[in-house]
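For this one, chain F is given, so just place chains L and V on it according to the hints.
Residue numbers (this note's numbering), protein chains in the order written: chain F, 20 to 411; chain L, 159 to 445; chain V, 413 to 743.
Mixed in with the good hints there might be a few duds.
[Said to hold, decoys possible] Covered by chain F, per the in silico footprint, the following chain L stretches (three or more residues, Cβ under 8 angstroms):
{"#": "1", "region": "272-281"}
{"#": "2", "region": "313-323"}
{"#": "3", "region": "342-353"}
{"#": "4", "region": "370-378"}
{"#": "5", "region": "412-419"}
[Stated by the list, open to error] Rough simulated footprint, nothing fancy, chain F against chain V, three-plus residues with beta-carbon under 8 angstroms:
{"#": "6", "region": "451-459"}
{"#": "7", "region": "598-608"}
[Said to hold, decoys possible] Below 20 angstroms or equal to it, Euclidean Cα-Cα: the simulated SDA-like pairs (lysine to any residue) are:
{"#": "8", "chain 1": "F", "residue 1": "Lys-181", "chain 2": "F", "residue 2": "Glu-265"}
{"#": "9", "chain 1": "F", "residue 1": "Lys-198", "chain 2": "L", "residue 2": "Glu-420"}
{"#": "10", "chain 1": "V", "residue 1": "Lys-727", "chain 2": "V", "residue 2": "Ala-737"}
{"#": "11", "chain 1": "V", "residue 1": "Lys-637", "chain 2": "V", "residue 2": "Arg-615"}
{"#": "12", "chain 1": "L", "residue 1": "Lys-248", "chain 2": "V", "residue 2": "Thr-454"}
{"#": "13", "chain 1": "F", "residue 1": "Lys-320", "chain 2": "L", "residue 2": "Ile-280"}
{"#": "14", "chain 1": "F", "residue 1": "Lys-404", "chain 2": "F", "residue 2": "Ile-148"}
{"#": "15", "chain 1": "F", "residue 1": "Lys-89", "chain 2": "V", "residue 2": "Phe-528"}
{"#": "16", "chain 1": "F", "residue 1": "Lys-198", "chain 2": "V", "residue 2": "Trp-558"}
{"#": "17", "chain 1": "F", "residue 1": "Lys-47", "chain 2": "F", "residue 2": "Ile-87"}
{"#": "18", "chain 1": "L", "residue 1": "Lys-248", "chain 2": "V", "residue 2": "Val-724"}
{"#": "19", "chain 1": "L", "residue 1": "Lys-248", "chain 2": "V", "residue 2": "Gly-731"}
{"#": "20", "chain 1": "F", "residue 1": "Lys-89", "chain 2": "V", "residue 2": "Val-724"}
{"#": "21", "chain 1": "F", "residue 1": "Lys-320", "chain 2": "F", "residue 2": "Gly-390"}
{"#": "22", "chain 1": "V", "residue 1": "Lys-727", "chain 2": "L", "residue 2": "Glu-251"}
{"#": "23", "chain 1": "L", "residue 1": "Lys-437", "chain 2": "V", "residue 2": "Phe-528"}
{"#": "24", "chain 1": "V", "residue 1": "Lys-727", "chain 2": "L", "residue 2": "Ala-249"}
{"#": "25", "chain 1": "F", "residue 1": "Lys-47", "chain 2": "V", "residue 2": "Ala-737"}
Calculated directly from the structure, the hints in this document are not laboratory data. Note that CB positions come from ideal geometry on N, CA and C, so glycine has one too.
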Amino acid sequence: MLKNAAAATALGLGLAWSGAAIAQETVKIGVILPYSGPFADAANQLQAGIDLYMAKHGDEVAGKKIEIIKRDTGGPAPDVAQRLAQELVVRDGVDILAGFALTPEALGAAPVSQEAQKLMVVMNAATSIVTEQSPYIVRTSVTIPQLNYSFGKWAFDEAGIKQAYTLVSDYGPGHDAEKSFSQGFTEAGGEILGSDRTPVANPDFSAFVQRVRDANPEAVYIFVPGGAQPAAIGKALADRGLAPPETKIFAQGELTHPEALESMGETARGIITTFHYTLERDDPLNKEYVEGYTAANNGRKPDLFSIGGYDGMHLIYEALKATDGDASGDALVEAAKGMAWESPRGPMSIDPETRDVVQTVYIREVQEVDGELQNVIIHEIPEVKDPLHGAN
Amino acid sequence: MVNQIAIVLFDGFAFGMLLFVLSVGLSVTLGLMNFINLAHGAFGMLGGYIAVLTMRQLGLPFLLALPAAFLGAALVSVVFERTLFRRLYKAGELNQVLFTIGVVFVAAAIATYAFGTVQQVIILPSWLRGSVEVFGLRLGVYRIFLIVVALAVTAVLVFGLERTRLGAQIRAAVDNQRVAQGLGLDVERIFAITFALGSGLAGLGGALAIEIVGLDPAFGFHFLVYVLIVVAVGGLGSIAGSFAGAALLGIGDVAGKYFMPEIGSFLIYLLLVAILFVKPLGLFGKR
Amino acid sequence: MSDVTANAPFDAQGWLRRQSRWSPLEVVFWLALLLPFFFFPTYLTLASQIAIAALFAISVDLILGYAGIVTLGHAMFFGLGAYAAGLISVYGWGEPLSGLLLAAAFAGLVGFVVSFMIVRVQHLALIMITLGLGLLTYELANSMSWLTGGTDGLRGIRTWPIFNYFRFDLWGYTAYSYSLAALFVCFLVSRRIVNSSFGLALRGVRENVRRMPAIGSDYRGHLQKIYTISAAIAGLAGALMAQTTNVVALDALSFQRSADVVVMLILGGTGRLYGAIVGAAIFLIARDQLSGVNPQYWYFWIGLLLMVVVLVMPKGILGGLSALASRWSGR
Chain F
20 MLKNAAAATA LGLGLAWSGA AIAQETVKIG VILPYSGPFA DAANQLQAGI DLYMAKHGDE
80 VAGKKIEIIK RDTGGPAPDV AQRLAQELVV RDGVDILAGF ALTPEALGAA PVSQEAQKLM
140 VVMNAATSIV TEQSPYIVRT SVTIPQLNYS FGKWAFDEAG IKQAYTLVSD YGPGHDAEKS
200 FSQGFTEAGG EILGSDRTPV ANPDFSAFVQ RVRDANPEAV YIFVPGGAQP AAIGKALADR
260 GLAPPETKIF AQGELTHPEA LESMGETARG IITTFHYTLE RDDPLNKEYV EGYTAANNGR
320 KPDLFSIGGY DGMHLIYEAL KATDGDASGD ALVEAAKGMA WESPRGPMSI DPETRDVVQT
380 VYIREVQEVD GELQNVIIHE IPEVKDPLHG AN
Chain L
159 MVNQIAIVLF DGFAFGMLLF VLSVGLSVTL GLMNFINLAH GAFGMLGGYI AVLTMRQLGL
219 PFLLALPAAF LGAALVSVVF ERTLFRRLYK AGELNQVLFT IGVVFVAAAI ATYAFGTVQQ
279 VIILPSWLRG SVEVFGLRLG VYRIFLIVVA LAVTAVLVFG LERTRLGAQI RAAVDNQRVA
339 QGLGLDVERI FAITFALGSG LAGLGGALAI EIVGLDPAFG FHFLVYVLIV VAVGGLGSIA
399 GSFAGAALLG IGDVAGKYFM PEIGSFLIYL LLVAILFVKP LGLFGKR
Chain V
413 MSDVTANAPF DAQGWLRRQS RWSPLEVVFW LALLLPFFFF PTYLTLASQI AIAALFAISV
473 DLILGYAGIV TLGHAMFFGL GAYAAGLISV YGWGEPLSGL LLAAAFAGLV GFVVSFMIVR
533 VQHLALIMIT LGLGLLTYEL ANSMSWLTGG TDGLRGIRTW PIFNYFRFDL WGYTAYSYSL
593 AALFVCFLVS RRIVNSSFGL ALRGVRENVR RMPAIGSDYR GHLQKIYTIS AAIAGLAGAL
653 MAQTTNVVAL DALSFQRSAD VVVMLILGGT GRLYGAIVGA AIFLIARDQL SGVNPQYWYF
713 WIGLLLMVVV LVMPKGILGG LSALASRWSG R
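Just chain F, same shape as in the assembly:
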């Protein structure tokens, strides 16, 4: 029985590959995302980015028709993500795996991309090590150390802050943020007064914010996941009188995303964040992108997930053009290495060595523009690479 199975496997795989070789007319992209469950919003925004790109550039590239197959993990669920990746490869015969909002799900699917030799475009998952898990992975989003290491340096060198307190969500991305900001900050000469971690499912921040207040730092650095928490922690800070200019508030960009800004209102003024995408960045490409997105999504504005999906599709389209429609993993990943382009977020490229994204990091401050609070870019650090690759 088992021997037969092994034989059938070998046969089946052979068939699948030859099948893919014959079906040259369409290129299938399997998109794996948590469309339902606690991260559904991220998945939907990312999908909207994919949809917008395809609406703009058509569904034909290099003579091939692009077909999207969506699969829901309901996650975080790495085992489900892996199964879906396997099924997409063996049953649906996809040429490219894409999506991956969450790091564990990307890690789950990585071995499939390696074994089946399929290009895997990570459009969000932001832990450094993701791209190291398979030679076919390319990332078009961001990594957390990329944003925060240089931010920490900037906080000391340019903003003149000597000591800070860190407050991050107690999970992988939060730990990464705490580590990389602190590293950049202390290497430049700053001092971390204290650091706390808030439970991920944390409905109430008042206790942690009070601890920060007791320490009375010059600045506090915050990392929370997008969703309900940014507004909640922003208001808790303001309630305690922790607000700029008396206490500087530094954070990764989720803290001041559009919904959170609306909810926080006046109390958000002066918060300084680091991010790779800025909604209000004055740039024709970005304006066109934001207008198209808003029109297609009921007035909802694009966010970091949307831009990851949008640029991920751009990478796929351009890679297919470069290979003249050859959708094999090796050809596509070669084409992706070193690719550089102008995105609505600004100039970006794919590092040929790590296959990770290289881009400008924007440091923004919440200011009033035409009667509305916005993230205004106050500093740009061009061509930032992830500082952790090769470090461990």
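Structure of chains L and V alone, referenced to chain F:
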């Protein structure tokens, strides 16, 4: 130091009061009819969305959105109770669990369809924003408001239960359903009213919670665990129990995170396990 | 269970013997589980995950269906088994069968310790203590990220080929064979347990705890024993997941997983081992198909399915079917 303890007590108490409003209804209906309603949080979510709608679409002020959330959730819940839930009173607890989980799934899907997955935002009136100084303590105005609302709800509930005819009937039915029925009380009707009241309070809680914890289609699942913890710790069918349980959990949670942040996330569960192991009926439970 | 109370006083041994005989229907059922190999070879990874979920549901059925212990925290043992199997492999021992047994033993050991607490509480307190312990374990695993990898999950699991020959392939032939074999063996063990005098005593506890000491039954001991066995099987299911996918993350311990397995079990029908298998299969197949059609709103239909099953078949799908069958055969 005294200041810090005072502020932690205040913050914890305010958070506890939010939990109290969200969960007191479930405690009473569970105690009254032994009906395990895991969809209680879904009615909280419903109240939240009603508040968002009334404020955004109708432009009504926050203070009117709260009663609208209460009424809307109460009305919808009584329709559900009369048409569906009443079939399950004799169906055994596992079936009640399965059915009401199904309701939560459906509710979450409908909310996603109608409102999208985005976090809902409400803009509070300016008099509820910011903080005030009282005896050198900085207290959040909205948290004071939460405490006031919860205390008012408690006062109305206690007064209603102790002094009104319906209250006496509810107490009788909770104490001993069979005897109450034997004495000619229409227990089903009492239950329908109680159910509507309880779900309405959940709706009110959902509306109050938006400012503190936000609102999205996962609300019904997200708060289920907290609501169950308050009900179990407080004891079934007891308003005083729910009040004490919610206050204890709120204060315990905030104090734990403040003084021992390393174990902040465990503390609420440790409290739960320890309390129920020593007092399986909860702090105020009778049976 | 009416036949138990009717017959037990007269001929308990005979009843047990009759129960443990294999019916032709059961043989057909197990043979049917081999069909995916031949007819649905592209669904083998799903079949493997269904087998794992079914095994997990059986572990819950042993305590919930047969001993009346309602739990909302059983993912605790599933996750402990998964992490144990994963860690054994990360630290250099990737042999699957021994890893499976070690993981099950570890989960069983923790289950035994926890059982001292479990047998002292009932009703809502019992449910909430299982829930609290499950959430505690989750938070513990999150905070021990140096060991567990935290939210990102455990990295570097490499499961060796089974018998050093059958490597885990992309199609899932090995994974499904392995999971199905484990399910079958654990099913045999569970079947033996519930059709023994020990199983009868457990049902006695479920029906009436107070009377059991009166007839000289050490009900706490019985409960502890079955809880430990159940924890071990749940751990084995978790270990299977870790080995067939080489990934373990915090979701293995999550409340969601604890709740899902109870839903699957009630859906299929409690107190009958096949209910666990059928429930897991229906829930996961429905989920897979619905979410394939509509990734965003599929859970609307799942919710509806649960509600309809409760209203139409209050004893679960298998209970409903067997009621239909006995009406049809004119009993």
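**Item:** Within 8 angstroms of chain F's CB atoms, at least three CB atoms from the region 451-459 of chain V: coverage verdict
**Value:** That given contact holds, which follows from 5 residues of the region 451-459 of chain V lying within Cβ reach (below 8 angstroms) of chain F.
**Item:** Restraint check for Lys-637/V with Arg-615/V, where alpha carbons must lie at most 20 angstroms apart
**Value:** Distance of about 14 angstroms is within 20 angstroms: holds.
**Request:** Sort out whether Glu-420/L lies within 20 angstroms of Lys-198/F, counting only the CA atoms.
**Result:** 17 angstroms, holds
**Message:** Hint check: Lys-320/F vs Ile-280/L, CA-CA at most 20 angstroms. Holds or violated?
**Reply:** With Cα atoms ~17 angstroms apart, Lys-320/F and Ile-280/L stay inside 20 angstroms; holds.
**Asked** For the region 272-281 of chain L, does the count of residues with a C-beta closer than 8 angstroms to a C-beta of chain F reach 3?
**Response** holds (count 7)
**Asked** Within a Cα-Cα threshold of 20 angstroms, do Lys-437/L and Phe-528/V meet the stated pairing?
**Response** Answer holds: Lys-437/L to Phe-528/V is near 16 angstroms, not above 20 angstroms.
**Message:** Taking beta carbons only, do three or more residues of the region 342-353 of chain L come closer than 8 angstroms to chain F?
**Reply:** violated (count 0)
**Prompt:** Going straight from one Cα to the other, do Lys-89/F and Val-724/V come out at no more than 20 angstroms?
**Reply:** 33 angstroms, violated
**Request:** Sort out whether Glu-251/L lies within 20 angstroms of Lys-727/V, counting only the CA atoms.
**Result:** Cα-Cα ~12 angstroms, so holds.
**Message:** Hinted pair, alpha-carbon criterion (20 angstroms max): Lys-198/F, Trp-558/V. Please report holds or violated.
**Reply:** Between Lys-198/F and Trp-558/V the Cα gap is close to 14 angstroms, so the pair holds against 20 angstroms.
**Message:** Lys-89/F and Phe-528/V were given as a pair; does the straight-line alpha-carbon distance stay at or below 20 angstroms?
**Reply:** Answer violated: Lys-89/F to Phe-528/V is near 47 angstroms, above 20 angstroms.
**Asked** Residue count check for the region 313-323 of chain L against chain F: does it reach three with CB-CB under 8 angstroms?
**Response** violated (count 0)
Going down the numbered hints, you'll see the structure goes against 2, 3, 7, 12, 15, 20, 25, while the others check out.
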